[in-house]
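Position one of the sequence shown corresponds to residue 91 (our numbering), numbered consecutively onward.
Hints in this document: simulated from the structure, not taken from any laboratory.
Please note that the accuracy of each hint is not assured.
[To be verified] Here are the simulated lysine to aspartate or glutamate pairs, EDC-like style, with alpha carbons at most 20 Å apart:
| hint | residue 1 | residue 2 |
| --- | --- | --- |
| 1 | Lys256 | Asp222 |
| 2 | Lys306 | Asp276 |
| 3 | Lys306 | Asp359 |
[Stated by the list, open to error] With beta-carbon atoms standing in for the labels, derived distance ranges:
| hint | residue 1 | residue 2 | range |
| --- | --- | --- | --- |
| 4 | Ala213 | Asp157 | 32 to 40 Å |
| 5 | Ala348 | His156 | 16 to 24 Å |
| 6 | Asp137 | Leu237 | 22 to 30 Å |
| 7 | Ala310 | Gln202 | 16 to 24 Å |
| 8 | Gln251 | Ala231 | 13 to 21 Å |
| 9 | Ala213 | Ala147 | 41 to 49 Å |
| 10 | Ala136 | Asn267 | 29 to 37 Å |
| 11 | Arg347 | His150 | 30 to 38 Å |
| 12 | Ala310 | Ala348 | 16 to 24 Å |
| 13 | Arg351 | Ala231 | 45 to 53 Å |
| 14 | Asp157 | Asp248 | 30 to 38 Å |
Note that CB positions come from ideal geometry on N, CA and C, so glycine has one too.
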Amino acid sequence: MFTGPRAMQDRIAAADLGIVIPFRHDRPERFENLSAVLRHLTTTLADAEILVIEDGAQIHAAALCHDLGVRHIARPNTGAFHRTRILNQGIESLLTRRFAASYDTDVLIYPQAWQQALAGLRAGRAVVFPYDGRFCDARGALRARLLANPDLGQIPADQAQAAPSKGKGDLVCINPNSVGGVVLFDRATYRACGGYHEAFVGWGFEDAEIMARMGKLGHAFHRIAEVPLIHLSHPRGRSWAAASWYGASRRNNALFRAMGRLSAAQLTDLIAAGELRCASPPAPKPGLLAQILRWKG
91 MFTGPRAMQD RIAAADLGIV IPFRHDRPER FENLSAVLRH LTTTLADAEI LVIEDGAQIH
151 AAALCHDLGV RHIARPNTGA FHRTRILNQG IESLLTRRFA ASYDTDVLIY PQAWQQALAG
211 LRAGRAVVFP YDGRFCDARG ALRARLLANP DLGQIPADQA QAAPSKGKGD LVCINPNSVG
271 GVVLFDRATY RACGGYHEAF VGWGFEDAEI MARMGKLGHA FHRIAEVPLI HLSHPRGRSW
331 AAASWYGASR RNNALFRAMG RLSAAQLTDL IAAGELRCAS PPAPKPGLLA QILRWKG
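With the hints as extra help, turn the sequences into a complete structure.
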């Protein structure tokens, strides 16, 4: 049970926000992290719609979500974890919410960053990261404390900001300039820019690609300064066969580089033609996308 100092009536107003969490139970630690994250969100934000979309061979999180008043959708699946499709379907289902967050299973966001990020969206920003780029991994005893009580008051932001980039301590900055973890979007702009590119399967480069694409279309992202993201550590399990994961990662890398070569006009054509949404993973449907990616001009 959350025992932090914030009373429920002091939560941050978030009735205009929906949060989509794609989840696959590939390790027990993932479920532990999800439990902490959901308790953190429900005690930090007031009236946000939280949606967990669980994709996997077995479904584990339905009871947890029910107990916390969180919406849960089960997607039985023994194949690849199609994160981009899950996010698109989830974000597009938030019909009454002006803003949406793509939210990983394992991350915690400081309340002051939530406040600033939502203020930025309400002031007209299209894309906001509720942290400064520093992706800090909580391990060992610190992770255990956060699992028991996911209140970031245990580790003030300025202390987390000083986490080393190397070492074996309980808090290590594993990426100083991350474009993943949690991203907040204006939903209308997200849709106009095509959403996530569904030819990206699994994990890798999908967040970087949508950020680059939206920037090229005139919607640069904004960060919240001097506040890091806290990531609850977990073993790196693979969601399907190692060879399949490796192949998907290589394809994601190649697609990211190819998309980066396209002009704003070409991107606009792809979006208008619906070519960023694929009929069946992992290969995108043939058509305009294939033609443009072969373009040598």
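Results for each hint:
no. : hint                         : in the structure
1   : Lys256 to Asp222             : 19 Å, holds
2   : Lys306 to Asp276             : 16 Å, holds
3   : Lys306 to Asp359             : 14 Å, holds
4   : Ala213 to Asp157: 32 to 40 Å : 36 Å, holds
5   : Ala348 to His156: 16 to 24 Å : 43 Å, violated
6   : Asp137 to Leu237: 22 to 30 Å : 26 Å, holds
7   : Ala310 to Gln202: 16 to 24 Å : 22 Å, holds
8   : Gln251 to Ala231: 13 to 21 Å : 20 Å, holds
9   : Ala213 to Ala147: 41 to 49 Å : 44 Å, holds
10  : Ala136 to Asn267: 29 to 37 Å : 31 Å, holds
11  : Arg347 to His150: 30 to 38 Å : 36 Å, holds
12  : Ala310 to Ala348: 16 to 24 Å : 21 Å, holds
13  : Arg351 to Ala231: 45 to 53 Å : 46 Å, holds
14  : Asp157 to Asp248: 30 to 38 Å : 34 Å, holds
Hint 5 from the list above is the single one not met by this structure.
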